[in-house]
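> Each protein sequence line maps, in turn, to chains A and B. Take 551 as the starting number for the first sequence in my numbering and just add one per residue. Take 551 as the starting number for the second sequence in my numbering and just add one per residue.
Hints were generated in silico from the structure; no laboratory data involved. Please note that a few of the clues may not be correct.
Identical chains blur together in the list; that is why a pair holds if it fits in one copy or across any two.
25 angstroms max Cα-Cα, derived SDA-like pairs, lysine to any residue [unchecked claim]: (1) 889 - 741; (2) 656 - 779; (3) 878 - 679; (4) 817 - 891; (5) 962 - 891; (6) 656 - 717; (7) 817 - 716; (8) 661 - 932; (9) 673 - 927.
2 protein chains.
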Amino acid sequence: MDEANKQVTEKSQEGEKPRDVQDRSSISRRDLLKLAGAGGVGLLLGSVGVGGVWAGTAKLAAPTASTASNADPKQVIPFYDAHQAGIVTSAQDFICFAAFDLTTVKLSEVKDLFRRWTEAAAKMTAGQPVGGEEDQQSMPPADTGEAAGLHPCRTTITFGVGPSMFDARFGLGAKRPEALADLPRFGGDSLRPEWCGGDIGVQVCADDLQVAFHALRNLTRLARGVAVLRWTQEGFQRTGGSGPAGETPRNLLGFKDGTGNPDIHDKQAMNDIVWVQPSKQPAWMSGGSYMVVRRIRMRIEVWDRSTLSDQEATFGRYRSSGAPLGAKNEFDPLALDAKNEAGQPLIPLTAHSRLAHGEQPAEKVLRRSYSYSSGIDRQTGQLDAGLLFICYQRDPRTQFVPIQQRLAKRDKLNEYIVHVGSAQFACFPGARQGGYIGEGLFE
Amino acid sequence: MDEANKQVTEKSQEGEKPRDVQDRSSISRRDLLKLAGAGGVGLLLGSVGVGGVWAGTAKLAAPTASTASNADPKQVIPFYDAHQAGIVTSAQDFICFAAFDLTTVKLSEVKDLFRRWTEAAAKMTAGQPVGGEEDQQSMPPADTGEAAGLHPCRTTITFGVGPSMFDARFGLGAKRPEALADLPRFGGDSLRPEWCGGDIGVQVCADDLQVAFHALRNLTRLARGVAVLRWTQEGFQRTGGSGPAGETPRNLLGFKDGTGNPDIHDKQAMNDIVWVQPSKQPAWMSGGSYMVVRRIRMRIEVWDRSTLSDQEATFGRYRSSGAPLGAKNEFDPLALDAKNEAGQPLIPLTAHSRLAHGEQPAEKVLRRSYSYSSGIDRQTGQLDAGLLFICYQRDPRTQFVPIQQRLAKRDKLNEYIVHVGSAQFACFPGARQGGYIGEGLFE
Ligand code: HEM
Ligand code: HEM
Chain A
551 MDEANKQVTE KSQEGEKPRD VQDRSSISRR DLLKLAGAGG VGLLLGSVGV GGVWAGTAKL
611 AAPTASTASN ADPKQVIPFY DAHQAGIVTS AQDFICFAAF DLTTVKLSEV KDLFRRWTEA
671 AAKMTAGQPV GGEEDQQSMP PADTGEAAGL HPCRTTITFG VGPSMFDARF GLGAKRPEAL
731 ADLPRFGGDS LRPEWCGGDI GVQVCADDLQ VAFHALRNLT RLARGVAVLR WTQEGFQRTG
791 GSGPAGETPR NLLGFKDGTG NPDIHDKQAM NDIVWVQPSK QPAWMSGGSY MVVRRIRMRI
851 EVWDRSTLSD QEATFGRYRS SGAPLGAKNE FDPLALDAKN EAGQPLIPLT AHSRLAHGEQ
911 PAEKVLRRSY SYSSGIDRQT GQLDAGLLFI CYQRDPRTQF VPIQQRLAKR DKLNEYIVHV
971 GSAQFACFPG ARQGGYIGEG LFE
Chain B
551 MDEANKQVTE KSQEGEKPRD VQDRSSISRR DLLKLAGAGG VGLLLGSVGV GGVWAGTAKL
611 AAPTASTASN ADPKQVIPFY DAHQAGIVTS AQDFICFAAF DLTTVKLSEV KDLFRRWTEA
671 AAKMTAGQPV GGEEDQQSMP PADTGEAAGL HPCRTTITFG VGPSMFDARF GLGAKRPEAL
731 ADLPRFGGDS LRPEWCGGDI GVQVCADDLQ VAFHALRNLT RLARGVAVLR WTQEGFQRTG
791 GSGPAGETPR NLLGFKDGTG NPDIHDKQAM NDIVWVQPSK QPAWMSGGSY MVVRRIRMRI
851 EVWDRSTLSD QEATFGRYRS SGAPLGAKNE FDPLALDAKN EAGQPLIPLT AHSRLAHGEQ
911 PAEKVLRRSY SYSSGIDRQT GQLDAGLLFI CYQRDPRTQF VPIQQRLAKR DKLNEYIVHV
971 GSAQFACFPG ARQGGYIGEG LFE
């Protein structure tokens, strides 16, 4: 392996290797370009070369090679880590999200569940079946088998607990984080109980939908007698290799989605925005993060009748380039003060980007949303498709909530969307080997 | 381009290039291996090389390079062809299936719809947006935009009409094919109207779910005022690159699914099994095929409690290798007469493979199924996941129906599945450039 090649491989093992140019942390981008110019050919050859030996390392797409798949299906994102994976991890192609309700009232059984889940999650994210011993003919197989032979596909499994976990059942009331306050009702909400809440939230993401499904199904199976599914939602974005490497994916309204997100490679920003700091209470959440999930249906048929001007005014960005109105490039800053000849703001006062951007840096969230499409809504006869909005933050009360309050009140996008599901979860810090996820809360 | 390389490229443009080793047509397999040995390195280099110029040609994965993605996202499967694409096309990773009902009673409007659909399908399968002219600010964009910048991803769009198309509304009654008889009721069916029937069936497949969704959505939009969605179902299999190239994908019961399928590269077999022959009536179906769709829910929780022996007896195959019971390799023939020491058949009389295999070669069908996972069934509180079973044949009355009658009666698999949806469609022959899909029926 030549030196440059090795360097990139090592980086990729941190599990944060950018597979797309949402990575704007210019150093690794530039490294890549340099490599593509100089040793790039060797790099490509090596990465697709005589199979197997590179297991667990990233295959890098040279930026010029748009046919190459962007992420190596063999890449493993380590499960045991200071933080849980799946939060500042560059978004995989698919999500299987699930909310569970506990059917036990014994805390000891909840602990056991999280111990089993931790062990299984560590295996499945490494591409191994749960269980492990040889299957016996006279027993149900330990693993359900549909991912046999498939690669890890950057699977991450992220666990959290909802506000209901702290009700009378388990005696955990005193440990409830203040930040996990009930979300207020937002104007326009049309929440349906079948897509709300849950004692436990589990976000499974992977670059392969079958691999993600397999993980969630095996977790569900391990919960038998202790917890049942309350609601689930699958989601997708365009597959890694299906577009030019590094383009921001588009949502189902046809706009690039994720441009204004903070940079996941900026550790300082992630500490400021995402990770609960050690100075905060409760201690068991230190190094964790709060996840807010909103199932947001799009009124696709209405949107599809609106003019391009209207659509661009709605987001305050151009559809084609993703650039802010009045600017040229996707990542140009929002010129919130700029006016047109008539003295009107270039980016309308009701534009989604303007309202979501806010004025306070402390209000930022890290979005990690997926598109969904779930057949036809029986109530309306229209496509049930939209956005499974997910964001992570240190404190929803000062981040998601004020943003969403502004959006609910004034966002022009409200003509085209309706929030039908909602949940939030306190996502634990990571587990160390030998420990288990949730240990800090349950012990 | 060297000679060997060129040869493979040309083959791949037929749109039938095997992306996995379900292709057991040994010639192309051997070609590939030869190439990988000799010119393989150059091949790989070329195929990921200085982007863009090779648009529309296949990137070939060397069989040894299991990290490589199996299909080139830039590959276009030609829309205009003697047969419709998406039938004997090696299965893509995703499906968006939709059944439409016509809201018009004017045949002229139906014709116009199919003309618009043909034009749009030709564009979208080539990776182009519908419409085409520059978007105007004061108009709704012609294309909904969420696939902008994405590759064609081997998109196919396959159209058919259901039995209801021939009722009193359009005066087409006399043209109804006898082969499109109503399906009989099968024992155990638990069909729900929301997953049954439809005047028109559209099967969109692609190696990217967002690309497939985009195509179906734009077709739906083009149908406005003429047809509405009746039901839809998304489905998946493991993504091309997520497992060793060429392995038969597994269904959600963990078994390899597709082993016993006829070889799509065997033209004679496809004529015998799939394509309606010129000698048959009606003439407008010559070169077409009949599609049967069954939405089959799996009782996953029950399955997961059954022993490995039970599971293998259910299919008559080993879970791990996919080989028939008593045999060694996946593609070994089913030894239907073999007995164990106790004199019992090795492959039980109620095994799915045995019953589905049948005794008459003329009964074979070409299966093209996908796994689905659609959240939780409100009626049972369990996962709504299973198989979107799709098969193609010359005549369902003598192919799907007798097989399914045997299965419904005796299949051990019935303990673990329930058919909840059903539809069938007469899928037209292909269209030539300048013509439109369905022309033979409507003109
Ligand atoms: C279906 C619903 C939604 C859609 C389609 C949508 C789409 C978009 C788009 C296209 C952008 C511009 C590109 C970008 O910066 O990513 C954007 C920005 C943003 N959205 Fe949304 N969004 C939705 C809901 C929400 C919700 C519920 C929140 C609540 C917190 C939110 C927060 C944000 C933020 C913080 C930004 C970045 C603003 C900036 O700082 O530039 N979005 N959204
Ligand atoms: C959820 C429902 C079903 C599942 C999970 C399932 C699964 C399987 C599996 C694992 C095999 C063995 C591997 C292979 O040859 O592909 C198989 C074979 C087969 N199945 Fe199914 N199947 C289902 C429903 C059906 C239905 C409704 C039909 C109706 C026509 C059918 C027809 C066949 C045929 C023709 C074969 C090949 C038999 C042979 O000639 O060897 N299957 N199926």
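> Now look at each hint and say whether the structure bears it out.
Hint check results:
Taking the shortest alpha-carbon separations for residue 889 and residue 741, neither the intra-copy value of 37 angstroms nor the inter-copy value of 59 angstroms comes in at or below 25 angstroms. When the C-alpha separation of residue 656 and residue 779 is checked against a cutoff of 25 angstroms, the pair qualifies only within one copy, where the shortest distance is 18 angstroms, while the shortest distance between copies is 47 angstroms. For a Cα distance limit of 25 angstroms, the shortest separation of residue 878 from residue 679 across copies, 23 angstroms, qualifies, whereas the shortest one inside one copy, 49 angstroms, does not. In the homo-oligomer, the alpha carbons of residue 817 and residue 891 never lie at most 25 angstroms apart, since the shortest distance is 41 angstroms inside one protomer and 66 angstroms across protomers.
In this homomeric assembly, residue 962 and residue 891 come within 25 angstroms of each other (Cα to Cα) only inside a single copy, at 22 angstroms, whereas the closest approach across copies is 74 angstroms. Within a single copy, residue 656 and residue 717 get their C-alpha atoms as close as 13 angstroms, which meets the 25 angstroms cut-off; across copies the closest is 61 angstroms, which misses it. Taking the shortest alpha-carbon separations for residue 817 and residue 716, neither the intra-copy value of 31 angstroms nor the inter-copy value of 64 angstroms comes in at or below 25 angstroms. For the identical chains of this complex, residue 661 and residue 932 are inter-copy neighbours only, at 24 angstroms across copies versus 43 angstroms inside a copy, given an alpha-carbon limit of 25 angstroms.
When the C-alpha separation of residue 673 and residue 927 is checked against a cutoff of 25 angstroms, the pair qualifies neither within a copy, at 37 angstroms, nor between copies, at 29 angstroms.
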